[in-house]
Amino acid sequence: MRAYLIRRLLLIIPTLLIVTVIVFLSVRFVPGSILDLMVAQMGELSGITDLDIDYLRHILGMDVPMHLQYVRWLGVWPQAIDHATAGGQISGIIQGDFGVSLWNSESVLQQLMQRLPVSLELGAMSLIIAWLIALPIGVFSAIRQDTWGDYAGRTFAIVAISVPAFWLGTMVIVYPSILWGWTPPVVYIPLADNVGENLLQFLLPAAIMGMVISGTTMRMTRTMMLEVLRQDYIRTAWSKGLRERTIIIRHAMKNALIPVITIVGGMIPLLIGGTVIIEQIFTLPGVGRLLFNALTRRDYPVISGINVIIALVVLIMNVVVDLAYGWLDPRIQYR
Amino acid sequence: MAEPITTAPIRSEDVRKRRHWFVDLFTRLWKEKPLATFGGIIVLIMFLTGIFANLLAPYGFNEIILSDRLDAPSGVHWLGADNLGRDLLSRVIFGARISMIVGVAGAGLSVMVNMLIGIPSGFFGGKFDIIMQRFVDAFLCFPPLILYLTIMAILGTGILPVILVLGVSMGIGQSRIVRAAVIGIKENVYVEAARAIGVPTGRTLIKHILPNIMAPILVVFTVGMGRMILAEASLSFLGFGIAPPTPSWGGMLSGTGRTYMLQAPWMVLWPGLALSLVVYGINMLGDGVRDLLDPRLRGGLGRYGAVKRKKPAEVTS
Chain A
137 MRAYLIRRLL LIIPTLLIVT VIVFLSVRFV PGSILDLMVA QMGELSGITD
187 LDIDYLRHIL GMDVPMHLQY VRWLGVWPQA IDHATAGGQI SGIIQGDFGV
237 SLWNSESVLQ QLMQRLPVSL ELGAMSLIIA WLIALPIGVF SAIRQDTWGD
287 YAGRTFAIVA ISVPAFWLGT MVIVYPSILW GWTPPVVYIP LADNVGENLL
337 QFLLPAAIMG MVISGTTMRM TRTMMLEVLR QDYIRTAWSK GLRERTIIIR
387 HAMKNALIPV ITIVGGMIPL LIGGTVIIEQ IFTLPGVGRL LFNALTRRDY
437 PVISGINVII ALVVLIMNVV VDLAYGWLDP RIQYR
Chain B
10 MAEPITTAPI RSEDVRKRRH WFVDLFTRLW KEKPLATFGG IIVLIMFLTG
60 IFANLLAPYG FNEIILSDRL DAPSGVHWLG ADNLGRDLLS RVIFGARISM
110 IVGVAGAGLS VMVNMLIGIP SGFFGGKFDI IMQRFVDAFL CFPPLILYLT
160 IMAILGTGIL PVILVLGVSM GIGQSRIVRA AVIGIKENVY VEAARAIGVP
210 TGRTLIKHIL PNIMAPILVV FTVGMGRMIL AEASLSFLGF GIAPPTPSWG
260 GMLSGTGRTY MLQAPWMVLW PGLALSLVVY GINMLGDGVR DLLDPRLRGG
310 LGRYGAVKRK KPAEVTS
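Same order as they appear, the protein sequences are chains A and B. In our numbering, each number is its position in the first sequence, counted from 1, plus 136. In our numbering, each number is its position in the second sequence, counted from 1, plus 9.
There may be inaccurate statements among the hints.
As the list claims (entries may be wrong) - Derived contacts from chain A toward chain B, CB cut-off under 8 Å, selection only:
{"#": "1", "residue": "Ile158"}
{"#": "2", "residue": "Ser298"}
{"#": "3", "residue": "Val299"}
{"#": "4", "residue": "Pro300"}
{"#": "5", "residue": "Trp303"}
{"#": "6", "residue": "Tyr311"}
{"#": "7", "residue": "Pro312"}
{"#": "8", "residue": "Leu406"}
{"#": "9", "residue": "Ile408"}
Unchecked claim - With a straight-line cut-off of 20 Å between C-alpha atoms, the simulated SDA-like cross-links for lysine to any residue are:
{"#": "10", "chain 1": "B", "residue 1": "Lys195", "chain 2": "B", "residue 2": "Ala224"}
{"#": "11", "chain 1": "B", "residue 1": "Lys136", "chain 2": "A", "residue 2": "Leu146"}
{"#": "12", "chain 1": "B", "residue 1": "Lys136", "chain 2": "A", "residue 2": "Asn391"}
{"#": "13", "chain 1": "B", "residue 1": "Lys136", "chain 2": "A", "residue 2": "Ile452"}
Read the hints as simulated data drawn from the structure, not as lab findings. A virtual CB, placed ideally from N, CA and C, is assigned to each residue, including glycine.
Kindly generate the complete structure, drawing on both the sequences and the hints.
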């Protein structure tokens, strides 16, 4: 078990290294024309008109060869002496230094940490709502296989997968407003200020995201339930004369839901992607919105920082989910 | 061997009945999967709408009639008009063309990338496979939408960048499916036989491997088309996909659509409805195709009750 864990964690390192290369190449491969655009955009937004491209290239650390830029950013080579935050020191993403935003000189990591609770809350609530929708319908669909209830459940699952969250979100904002003059709150209420109001504010966006991801979970639940219901121990339970409810809840669901719960690992990327859209529609100040704003302003340190951190989170979550799988299902042995 | 070889005599109608597998697939889809057929019809309608958009649309997609600004749905503008007086029905119809192009071209590209990575990785295995798969691993760490957004922010908007970015990223992400299929096939005796008689590797790949992975590839293509259309719409909605005035369903929901959505809700209602309907159709079709073609990929909609319903006639087929 320990050996397995160590090996899994060690395997993260090469993958993460490739991740940094991909992020570095895609984000730092800034063509000159985009530097011009930045000068224009910065001038427009901040009033600075005579910003020098060479100077910009210099403060971005882009006036040195590509490989040097990479090792500096990674944190295995000293930064340039006159670098604003870490002159002459070895300071990069390995040391947890993701640089500063080009626009407000705030630390990328700090901004991310500020925004993270919002996205985590949204993600967690969406996941809970998705389960609340998916598990009962999925189980019902399986135990009443090939009935009208089953068809309705399956149709709902495909509809949930097909309807885009941004359209559903837009409709939920538009129609209640036109019909009853009700609009969701646009000003973010922090959890610390008012727990009830905060939860209420998150309910609608989380419900939409939850519904969208519930489709996959529902189908998974149904498949697993159907598989388990055909197993011998369930037949034994029937022949013992147990009630249907006992068989479903105590015997079948216990085994069927293990893989369903562990596909959370696969849901994490979907959830993170979903937050970008949902936070945008409901103006929630989360990581998704931070990334979106950084993308529109081409704030490269923020974009690359968020990408690397998200990749790390996804990698770690995959290991955690694999371990949880073994913990929930003792039949699985790690070697 | 004393036992005589018993082969049923080949009758002429049996020979005639052996149709191309593609035709066979459609016949089975029609007979066994009514919901998938329904999905297929939606997709077909969307394709026809896209192809004949010029003939079907009552107005041009960018035809500005200022006097009809924000007109509600009526006899003149069936689905209403937008803030510039452009007919929404026409824009939705032309939007089908954009979605169709992105869906087909993107899914096609993704299948090609999928094969370019999956076939060698699965066929050669060993160190080559290990190294390739680390790259795929790294790619899979990025949530799809975030990956697309980041690359689009660098490449800039437009229909070609969208197709390239979505096609390549999705192809890399799904290359495991083709890889798994190839690994399953290469152990077969006929592949071994080909190697034994000295068939060059390239020829083996094309003649023996490729035809046998057509089933998963068709599934990847169908399902990929829906994802592609949805991803394009999401990107355009966020302003990183296809820029206005090109009528992309996702793009129509952002920008001026959002500005005027409370005055003219039809501006955001119809494009989203069309999008949902088309993606729903593709998903239904994809599910049916997957159930018929690839038992290993079977999702939650498989026929688990097949055993009890199986008639003797079906068993032999």
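Hints and how they fare:
no.: 1; hint: Ile158; result: 6 Å, holds
no.: 2; hint: Ser298; result: 4 Å, holds
no.: 3; hint: Val299; result: 5 Å, holds
no.: 4; hint: Pro300; result: 6 Å, holds
no.: 5; hint: Trp303; result: 3 Å, holds
no.: 6; hint: Tyr311; result: 7 Å, holds
no.: 7; hint: Pro312; result: 11 Å, violated
no.: 8; hint: Leu406; result: 7 Å, holds
no.: 9; hint: Ile408; result: 4 Å, holds
no.: 10; hint: B:Lys195 <-> B:Ala224; result: 16 Å, holds
no.: 11; hint: B:Lys136 <-> A:Leu146; result: 18 Å, holds
no.: 12; hint: B:Lys136 <-> A:Asn391; result: 37 Å, violated
no.: 13; hint: B:Lys136 <-> A:Ile452; result: 25 Å, violated
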